[in-house]
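**Q** Make the full structure from the sequences, and use the hints.
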Amino acid sequence: MKDIKVVVVDDSPFSIALLRDMLTDNGFDVVGEATCLEETVEVVGKLRPNIVTMDMTIPGTDGIECTKAIHAIDPNINVIIVSSMMDDEIVKKAKKNHACGYIQKPVDPEELTLLINRIMADDELFKELDEVYYKVYKESFMDVFNKLMKTVPKFGEESNSDVELVSRGISVVMGIIGKYSGRMLLDMSYDTAEKLSEFALKRKPKSVEEMLNIMGEICNMVAGNASSVINRKNKLLGLRVAPPSIFYGNSINISKAELDTTTSSVANTEFGEIYVNVGFQRRSGEWMSNI
Amino acid sequence: MDVKYINPFFDAFLNVMPELGIKDIKKGNISLRGKIIESMGVLIIIGIVGDLKGNIIYETTIENAKAIVSKMMMGAPVKELDEMAQSAIEELTNMLTANAATSFSNEGLRIDISPPTLMYGNFKASSNADKTICVEMIIDGLSFRVNVAIEKYK
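Sequence order for the protein chains is D and P. Residues 1 to 291 (our numbering) are what the first sequence spells out, left to right. Residues 1 to 154 (our numbering) are what the second sequence spells out, left to right.
Read the hints as simulated data drawn from the structure, not as lab findings. Check the hints yourself; a few may be wrong.
[Stated by the list, open to error] The calculated lysine-lysine pairs, modelled on DSSO-like cross-linking and capped at a C-alpha distance of 27 Å, are:
1) K204/D to K71/P
2) K23/P to K93/D
3) K71/P to K93/D
4) K204/D to K124/P
5) K179/D to K235/D
6) K256/D to K135/D
7) K256/D to K124/P
8) K127/D to K105/D
9) K71/P to K206/D
10) K5/D to K46/D
11) K79/P to K256/D
12) K179/D to K95/D
13) K95/D to K35/P
14) K92/D to K23/P
15) K96/D to K23/P
16) K206/D to K79/P
17) K256/D to K71/P
All values reported here derive from a predicted model rather than from experimental measurement.
**A** Here it is in structure tokens:
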């Protein structure tokens, strides 16, 4: 594994020395230390470590405030709370503020090493998914479209902004569940869905239900195929899809997704626009601790 | 679709709501619905895979959603179903479904859940199942429905 950079934040020089030795002995690179909020911001901002070990009691502030300050600099820095106190309330607070693990003092070197290694392996895996997912879902969309509609749609510019949106009329939502969970959302106008169905059926759809059914099935193929491609790239991701749910009406507002990564773009097809949005979250259930 | 799949959701309300400071939880009507669900105003959908597969669709009115968020925030007024309120309702459904998942696993059924997607407005939803069981919960007098569309995964 590549060098893992660690910063130790603790108000006690004794604790810093203990942690520094322990981490160095176990092959981690302790690049800096801090004893208060100002130092934390300075050191973390400058050194951009992979991991910060964070004491809970810091004069004039606390470990949670320092964690927030670190995530304001870079939300991808992993903070492990290291504290003599460990009860439900503190652990809950740490989780809520996106710390990724909790270890009680006195620290057991093996426990700390294991925790850091698990966090870093997880980091790599999420990065791997983040780098490929949208490309794979887009390719799968093009492939399914090509096979069914004999044309390949052109995609517009991609966006990572996560905002509330107003549906064009029909929205299909599919939950994606695995090591990381997420969702795929396709959105199109009634007119587009009708034209698509007519082409696929070679006749007009008999009912709205029949048309919705086809949209659900297309969505199912796109998400299913894409998830399989991703699983072949790395079987640890283990993605599976829940059945599609379809929403239709003259006024649908779709909330901002509470996901850690989302990408969307518009496929311009000869039947009309189809908006393709895919996103994943680093599940809070992935809280790492040896409790 | 098996009626016994709804009990974990009853229990979820009884377990989760008091933690959020809401103690008055009653069962309302249970009904069997078809594929199409006419939205009351707000729908939150969570996908399920594992030993069971399908979707859970939570449903309430915009007014009730705002009132429930307000109760979750110890009475702070909630005027709009804004980003913060939407997020709170999503988080509530996430907790309820996660809690139900734990009950299922205690009965030997392992399920995993997707993140919630919330929609509001004037629309209909078509679920994956031909028959959906709709369980109405009355939370402090406010109607909040759970549509359970899950089946044993073959």
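**Q** Checking against the hints above, which ones are violated?
**A** Of the numbered hints, 1, 8, 9, 13, 16 do not hold.
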